[in-house]
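Visitor: Okay, here's what each chain looks like letter by letter:
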Amino acid sequence: MSQGQFSGLSLEELSQYKDVWVYVVVDDGKLTKPSLELIAAGRKIADKIQQRVVAVMIGYQLDNAVKEAFEYGADAVLYADEPWLKSYICLPYTRILVEMVKQYKPYAFLFIADELGRDLSPRVAYRLKTGLATDNIDLEVEDYFFGPTRTTYKNTLAQIRPDFATRIAKIYTPRHRPQIASIRPGNFNPLPRQPGRRGEAIRFTPTPADEDFIIQIIEEEKVPKSPIDLENAQVVISLGLGILRDGEGRPRSPREGYELAEKLATILREKYGLRVEIGATRALIYAELKELEGIVTKDRQVGQTGKTVAPEIYIALGISGAVQHRVGMIRSKNIVAVNLDPKAPIFEIAHYAVKDDLYKILPKIIEYLSGGE
Amino acid sequence: MVKGVPARTTGVITVSGVLRREEMDLVMNPHDSKALQAAHYLRQAVGGKIIAVSMGPEPKIVPIMQDLYEPNQESRYVPRMPIYGVDENIVLSDRRMAGADTLATAYALSAGVKKIIDIHADAVKNLINMVESGASAAEIERKAEELYRENLIPNKIYSTLSTIGDSAVKLFAEGKITREELLNRLHSALEDVYNFIIIAGMKTSDGETGNTGPQTAEGLGELLGKLIPHVAFVRDFEIFPDERIIVASRRVGNLVQRLRIPLPCLLTIHTEYTPKIPPASYQKKAKRNGYRGQVKKVKVWDADYIGADPSRLGFSGSPTIVGPGMEIGKPPVQKIVGESLVFERDVDEFEWRGGKYGPFKKGDLVQNLPEELVMELREKNIIGVFTLKHLLDELFGGVKLVARAV
Ligand SMILES: Cc1cc2nc3c(=O)[nH]c(=O)nc-3n(C[C@H](O)[C@H](O)[C@H](O)COP(=O)(O)OP(=O)(O)OC[C@H]3O[C@@H](n4cnc5c(N)ncnc54)[C@H](O)[C@@H]3O)c2cc1C
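Protein sequence lines correspond, in order, to chains A and B.
Here the first sequence stands for residues 1 to 373, where the numbers follow our numbering.
Here the second sequence stands for residues 1001 to 1406, where the numbers follow our numbering.
Honestly, the hints are just simulated from the structure, not real lab data.
Worth double-checking, as some hints may not be accurate.
[What the hints assert, rightly or not] Computed cross-link-like contacts, DSSO-like style, restricted to lysine-lysine with a CA-CA straight-line distance of at most 27 Å:
| id | chain 1 | residue 1 | chain 2 | residue 2 |
| --- | --- | --- | --- | --- |
| 1 | A | Lys225 | A | Lys86 |
| 2 | B | Lys1361 | A | Lys355 |
| 3 | A | Lys271 | B | Lys1389 |
| 4 | B | Lys1060 | B | Lys1297 |
| 5 | A | Lys298 | A | Lys263 |
| 6 | B | Lys1389 | A | Lys343 |
| 7 | A | Lys154 | A | Lys44 |
| 8 | A | Lys105 | A | Lys18 |
| 9 | A | Lys129 | B | Lys1114 |
| 10 | A | Lys129 | B | Lys1115 |
Work out the full structure: start from the sequences and follow the hints.
Guide: Now the structure itself:
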């Protein structure tokens, strides 16, 4: 039933949709870290509406992953475990998820905002004719008042995502179900593991259809993992275009800035036993400076189109703090900003502000921390 | 498929605070240039033609599309690319399409693409009908020439190019092939119309969703009554014209998948894609499968023309609603090196001029204390200016002890 000229379900129909589903991904028989984060995201919403978190998985040989899902906070697991579903392909996975949704009617369905999630979730949303809010960094539950029909939609998912014009936007899908959203990795902490925690395992047994094999896999190969592990660092020292000039406006080799940061990183690693990585803004990476070739690479990028990090300490050196950068680091517990410009937007979110030349400050920090007392 | 995006969303390097004048214009989404390069590769490899489709307000989109005819020229709207331009441009513009989310956008785009397919199929069907109903060779030739001029049938059916002396209609007129053979070739050309490839950028610089590509594949499948497969974030691909397949690589998780995708299909192209150069042996066939050339006028189509259901367009056809934007919150307390005042040591609750204060902990920010009290405490070195040393002790002091204990 539609609401006047607007597409969507009636309030009565909306109320039939329960449970928060999370689409989790299995690698080598284990749930991936973003999948654990997704269960935590689902938990936050499910607790607010007093429903279950259901982990949904498709693949082959999922027994261990099913167990893990319970231990990390899922109340139920809905899974299709078949040899012909071993590898991800959009058509069969879409078909199966859509069948599951039609049968069980979830209130919300969350995906990870990575290549797989971005390949799969749009198709699922279109086939179900519902909304998809991508790249969320947080979720809330709110009552939403829809002006054109003067209708209040109780307990609507507020899907919170970075937005270039404003800073953060909330997206609502009030009239349709499920409310589909993708969540950027790095924004939720996995729940603590509770060994032995169990729930309801529901096996879904799809029959293969011709369409499932339209696309065929010729081969699959593992990509070597990047040695740079921004997401798991305790301290991230990030560099921006500020490393190109010092406080007197003299050009500096960006290599000099990088090496100072690396020196600080080494001290923190060796003397303090911390996991430290060097990050960068997109502007610095895309500047493709010869001096930083092969060192400041794309896998160091923090922000909307790079990694989302939430370390104990985030040190922003010569970074203006554009919103696209901020959304990738705002969850850091302690943000230290070193910037010449006292009006730089990074200071709006910094816990510690150093309004000075990074080329003056970094050597002082290095000296103090290496000197011991 | 290309999209016009606000210019300010495309700047990779900002000169902080300085806005360029043209930043309010719409320009082509930067990710779409990879899609155009991929389309260019395909045209070189298999012929056909490149039709660019975009949805958006006509006055803002048309200048972008105009410049797509010559992307090797300097342009305000399109990054310069060393490729030939597109053959045709279509803008879907209608007030009813405004305020669309990705679902409604993909619906409009798929209706637009469906219309393009219908027009080309109808042209070939038109000839098929004539041939079947016994029209004379001269009549068929006249119609074929008309369709050829409109860029609706490929060279192998009709062409005035001297390099293509053996187009089907000509051979038939010269009595070199039978009516039946002409029909066979027309039917094969009709099949070609449905062996399309849709290419999209991997996402846009404004919305950043990446939804539109996969959703258009789904939407078009629905309109055609046949599933259209898609592969998103293609980093590398090659077409094999005889098998009518594409072999593409993309990443999912920590895997690189190499996939075999039959036509028709939709690909979205990753920014790391670099086009291949098709083998020279493909050239001749590609030419025969090609069309007359560029149609330099941008066509503008509305919802009625593409047969779109207005209730599925724009704001009313969009399940998602964007709420008001919000500031990202400030931290509760901020300590500024060289400015903020902090307690140098723990202080128990105390009385001062009848008021109660504290307790305070070492490092607490001095906030909302009477000025005279602050002066007094400063003189006693109970509070002091927050220095870099304070900062480092606060952040790493605790860690240091832990590290030592180990
Ligand atoms: C769609 C889109 C996606 C994007 N995604 C990302 C992303 O994922 N990550 C990202 O980072 N950006 C992203 N950006 C780019 C972003 O908008 C900014 O352009 C970028 O973050 C700015 O980088 P920056 O701070 O290094 O450079 P600038 O903005 O140029 O800032 C340099 C700063 O250094 C300061 N400075 C200069 N010299 C010194 C000195 N000697 N000591 C101390 N300070 C100094 C200056 O005061 C200035 O504030 C994206 C943009 C778009 C449009």
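Visitor: Taking the hints in turn, state whether each one holds.
Guide: Each hint tested on the structure:
For the hint pairing A/Lys225 with A/Lys86, the CA-to-CA distance comes to about 22 Å; that is within 27 Å, so the pair holds. Restraint check for B/Lys1361 and A/Lys355: the C-alpha separation of about 25 Å stays at or below 27 Å, so the hint holds. A hinted pair counts as satisfied when its Cα atoms are at most 27 Å apart, and A/Lys271 with B/Lys1389 qualifies at roughly 17 Å. Distance check on the hinted pair: B/Lys1060 and B/Lys1297 sit about 15 Å apart at the alpha-carbon level, within 27 Å; holds.
For a cut-off of 27 Å, the pair hint linking A/Lys298 to A/Lys263 stands: about 21 Å separates their Cα positions. Restraint check for B/Lys1389 and A/Lys343: satisfied, since their Cα atoms lie roughly 23 Å apart, inside the 27 Å limit. Taken as a hint, the A/Lys154 and A/Lys44 pair is honoured in the structure, with Cα atoms around 17 Å apart against an allowance of 27 Å. Pair hint A/Lys105 plus A/Lys18 holds up; C-alpha atoms about 7 Å apart against a cutoff of 27 Å.
With a C-alpha separation of about 19 Å, the suggested pairing of A/Lys129 with B/Lys1114 holds against the 27 Å cut-off. As the CA atoms of A/Lys129 and B/Lys1115 are separated by approximately 22 Å, the hinted pair is consistent with the 27 Å bound.
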